[in-house]
Amino acid sequence: MKESLTFPSQAETLVQAIVLAAGKSTRFAMGSSKLAFPLCGREMVLYPVSLLESLSLPTIIVTGYQKDIVTQLIQAAHPQSVVFVEQVEQRGTGHAVMCTQTEWHAEHLLIINGDMPLITSELIQQLINEHCKTQATVSFVTAACLEYPHGYGRVINNGQKIQIIEARDFTGTRQEGQCINAGVYLINREFLQDALTHLNLHENSQEWYITDLIDITSKAGKKVHTIETDFDTIRGINTISELATAEKIIRERIITHWMKKGVYFEQPETTIIEHDVIIGPATRIGAGVHITKGSRIGARCTIGNHSTIDASTLADQVTILPHCVIAQSEIHDHATIGPFAHIRNTHSIHERATIGNFVEISNSTVGAYTKAKHLSYIGNAIIGERVNIGAGTITCNYDGVRKHVTTIKDNVKVGSNNCLIAPVVLEQNSMTAAGSVITQNVPRDALAIARAHQVNKENYTKRFESTPSFVAAAVHEK
Amino acid sequence: MKESLTFPSQAETLVQAIVLAAGKSTRFAMGSSKLAFPLCGREMVLYPVSLLESLSLPTIIVTGYQKDIVTQLIQAAHPQSVVFVEQVEQRGTGHAVMCTQTEWHAEHLLIINGDMPLITSELIQQLINEHCKTQATVSFVTAACLEYPHGYGRVINNGQKIQIIEARDFTGTRQEGQCINAGVYLINREFLQDALTHLNLHENSQEWYITDLIDITSKAGKKVHTIETDFDTIRGINTISELATAEKIIRERIITHWMKKGVYFEQPETTIIEHDVIIGPATRIGAGVHITKGSRIGARCTIGNHSTIDASTLADQVTILPHCVIAQSEIHDHATIGPFAHIRNTHSIHERATIGNFVEISNSTVGAYTKAKHLSYIGNAIIGERVNIGAGTITCNYDGVRKHVTTIKDNVKVGSNNCLIAPVVLEQNSMTAAGSVITQNVPRDALAIARAHQVNKENYTKRFESTPSFVAAAVHEK
Amino acid sequence: MKESLTFPSQAETLVQAIVLAAGKSTRFAMGSSKLAFPLCGREMVLYPVSLLESLSLPTIIVTGYQKDIVTQLIQAAHPQSVVFVEQVEQRGTGHAVMCTQTEWHAEHLLIINGDMPLITSELIQQLINEHCKTQATVSFVTAACLEYPHGYGRVINNGQKIQIIEARDFTGTRQEGQCINAGVYLINREFLQDALTHLNLHENSQEWYITDLIDITSKAGKKVHTIETDFDTIRGINTISELATAEKIIRERIITHWMKKGVYFEQPETTIIEHDVIIGPATRIGAGVHITKGSRIGARCTIGNHSTIDASTLADQVTILPHCVIAQSEIHDHATIGPFAHIRNTHSIHERATIGNFVEISNSTVGAYTKAKHLSYIGNAIIGERVNIGAGTITCNYDGVRKHVTTIKDNVKVGSNNCLIAPVVLEQNSMTAAGSVITQNVPRDALAIARAHQVNKENYTKRFESTPSFVAAAVHEK
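Residue numbers (this note's numbering), protein chains in the order written: chain A, 1 to 478; chain B, 1 to 478; chain C, 1 to 478.
Bear in mind the hints are in silico, worked out from the structure with no lab data behind them. Errors might be hidden in some of the hints.
Which copy is meant is left open, so a pair is good if it fits within one copy or across any two.
To be verified - Here are the simulated DMTMM-like pairs of lysine to aspartate or glutamate, each with C-alpha atoms no more than 25 Å apart in a straight line:
hint: 1; residue 1: Lys161; residue 2: Glu89
hint: 2; residue 1: Lys409; residue 2: Glu330
hint: 3; residue 1: Lys371; residue 2: Glu269
hint: 4; residue 1: Lys462; residue 2: Asp445
hint: 5; residue 1: Lys457; residue 2: Asp212
hint: 6; residue 1: Lys260; residue 2: Asp215
hint: 7; residue 1: Lys260; residue 2: Asp310
hint: 8; residue 1: Lys260; residue 2: Asp232
The structure presented is a predicted model; accordingly, all values stated were derived computationally and were not measured.
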């Protein structure tokens, strides 16, 4: 989802961003850093970083807790647009901002938390525009919160003075406390430089807080500007439950985006489309479908209910029937897959190929118009065009030590329930008889047979009926 | 879902309906006519048409954009109850009504859009009843819309005069604009005939609008009556997103209907039951189940989570375990299917049959008490009663050119991993040995064997251990 | 979910509970007793009984309709904490309470309906605490209901007198009727004993109602105390639709509970976790997953989307890939299962074993580091460590009469598409060739082969091309 913005060209010298990504995830019960936890396929801390990059704002990341993990994540995704500053001791948001001072160069500093993945570029742009237009010293974002705003500072504006009261110090009524501080600030650099020297150390926590800056600004007679947004835009994430809420909102945004592009969703609420996926117009996505890790889906495709497409590419007019798992694979135009097919690590299922139920394709190539419709395992195989793979066929690609290739050339007919013992080549236009174990290459136009003759033992089961214990013998008969 | 109505018997001469189905789907990004798009298994335009038919109202359909598709859809579903009028040029709703004049015969004309699938027969009945009772010249439906009512005309009633202001011309506050025009009118025919001659052509769009009729009526001193309903009843559909909202509401209505009839839904929100499906009482439907295309489900059935039943019939007390796909098939009393079974185009799975996991049944008949429990492909087979199909059995029904029939008579035991090469007959009470390829008919009471003798090569793997490269040889050993 | 309560130690002599579980489920269209219907794996009537047991309150159950089913359910789950009283004729709630008098011994009687599974122990504790503190004669629970409160008595408190007006007798406005009677009462025993003798028989229904007690208390000048709670806490269940609503609320409570314990849910809304399930921290649960019947899931496990875990135990760091069904089984540390695997009645899949797609394991043991990755049926097998089961392997465990055991010792390599005809033993370190039918034991270190030699018939398909009818012959070739 590309952002389209109308931003002043001098953005880089005007505003510089500070992302606070140093805090411990104390309330995040998974036992890891929440900032490295993915939402819809993108790790939490990458949300603000991507957004700031899309706005061309130079960005300083303050790291601390699990510094290496957070740093590596950001560097892998955004190698050039950020600088990192370490906050060695965790001594509050004010202290985190102090740590960044050597990196400041722009006129204003945008301060944003690393755990607010719902913030939009529209909001940041509005904040910058209004901050400049109103010539405020400090601007910050507020939101009306109708649920009980656990843990959020309350914004009290008596007309003359704006104040932020920490959640634990707030004693007003529920209604008085509905306007909350989002924790997103835009501050004049020169003022900030001076104001940080006046921040008080809070005795109990031994920390410095950014929120105190608002009071300092007001007392200095400087202009404080606020802009209000929806609470859903500024939700912070401290718990798994809050993460689930945010992930749901992101999912709805992604699906709404694709609906506008002409994609139909049978049941949007049960569908998961990750961030970096692309879907072509007039494609229909069934209930419970998951499309993840940068998959590319073409136009006029159909993806049946409860199928998963992971890190894969589908060309146009591909049909995926229900209950398929497609991973790290590429499917060409007009192919039909499923139901209950599992395709993985497969470069290409070529155009108009048909892969049916209970079929696994792994590390293989399947030619155009080729069919493998029932109960087969195709691994490390190179299969040509217009081949028919009989039901129950197995490529015996693994000798217990190494994997070997099965090569099936154009127009071959593999009989049902064959074992193809790799390495082996079935030449063009050849056939194999049902139930064969193919150990040698099959020449062009040849029929290969490797199965025993049938013997009918008459009146066999009659004996069995009178002597039940006879059954065991029967199954061992040769 | 049958409608039960208390409607005046002279409905046909009293009211005649006009369905506006000519407009382009300009905002519907799928690139096709929204009117032909199915919601819960019924194409959008069929909703008002079915509803009017259930009320015995003669109906005129105004077609235009994608006329042939829309016409064919309606004719296929409602061959006798409608007449079609083409609006060759798209010149507004007023113009669409003008096109229908030659077909008028009833006392009042009901005008309704083709893209409003949520309208209920209760609403139409109420509209007609109140229109007659109040002796209004024009009656129309309004709704209070708490969300922002994009694109809907606003209804302004100052006590003396009722007016509809087009969305783009509305300048009032959000609250003043909450009462919207649903676009459903009932108008006295004689008045309409005259009023249409007074409609003004709108300069910008070069179109005539029905909404102007309200002003004309008021100015003529005639009575305008409005009835208010829920916004959810009159939602129009212009975008894919609006379609998703409507489809969700329809799904909830359908499921609520079946709950009242005694059907339990494990997770109604993830379940999809299409319009023309029937479900018996005390049946339990699992989460994520889809029942589509006129399927008939009996009483006291259980359908496990994430199973799909498409165009199929289940008798009573059938158990479908999770993750099954049943299509175009018929399952008799007390049969058990799944999990992970795929049954298609199969006339009958008879009573108390058991079909197990990773089994595909296609174009076959399965007798009573017969079992096929594991990893089998049964295609074009006629299977008798009390047959046991061993795991991994495959009917080799396709010779590369034609399909052939496998016949398995009563009480046969097919060994595991058999290939049954059709055409072939296994006579009553016969058996086949595991691992056999059955190419010839098996007589009654006979045991058929077609497999090789086992040879054990002693101390084989020891050699292999000292010479790893030996493995490849081993798998080719004969 | 254990309750943690700060309850007075003399609870047992202070309060005694009466659960009304005698009524007919007339509006419950399933045709059975709603009280025996499970919500999230626990039958409805067990909710209040469990809650009262967790509060150490002695409990009297009034049974009537489907008395045996209800009694057996409760006795199976709570064998020691309850006594049963039968209400032979259904003559109202007042009459039900009368039936219990011989069992009274505590100071106060708590009366609660059997169809209110959402009540929390916090609410009951608050009711008892406030009842004692205010020295009320009667206390009861009310709730504000913003939806239209079908069937609930309305509580009217004019400051001087509190009254309950039956739903059918209520004539006030919607707003006046928003405070409803939950049907949960705590009443002084001595007063109750006396008051029951003053209850009037209602002429129309020939029943006595508890609700009349409030009026009697007020008239007697005794103190009536009410406590208000959320409507969601006291929803009663009469219809399938109300059951669905309650089940959704219970599901959300259970999932919120596990989120707090460090469990991540990809899509909480589509996930079903039953009541008595346990899940370890840092485990990730995919969309559409069902975990039922007392399953135990370890820490740091991953359960892929749309998998079902039923009555099973997973140790730590187990990976279940999407679309699996695991039932009555036990999976050890670091094992990997799926996708599309079906494991049932299997004591143990040992650590780091791998079970792959379209594989069924039934009544078996699978050793550590063993792999069965493709299209296999393993039934009644005892499999050692580091075994490799080739694709398409089938244990032929059923001779049509009995099941037999397949034993595969450590380090065995079973070739692809083998039939292992039980009873049979593959000794340590042995191998079998692909496509073999193993009927005899395989000695240690031996290679067993049981398959036919391959013959290539040259230029076979060329003939076939010129004579299409030749195909049928080809597939029967030997």
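Now the hints, each set against the structure:
no.	hint	in the structure
1	Lys161 to Glu89	neither (33 Å within a copy, 62 Å between copies)
2	Lys409 to Glu330	within (20 Å within a copy, 40 Å between copies)
3	Lys371 to Glu269	neither (34 Å within a copy, 37 Å between copies)
4	Lys462 to Asp445	between (45 Å within a copy, 6 Å between copies)
5	Lys457 to Asp212	neither (95 Å within a copy, 84 Å between copies)
6	Lys260 to Asp215	neither (44 Å within a copy, 36 Å between copies)
7	Lys260 to Asp310	within (23 Å within a copy, 29 Å between copies)
8	Lys260 to Asp232	both (21 Å within a copy, 22 Å between copies)
Hint compliance for this structure: hints 1, 3, 5, 6 are not met, and every other hint is.
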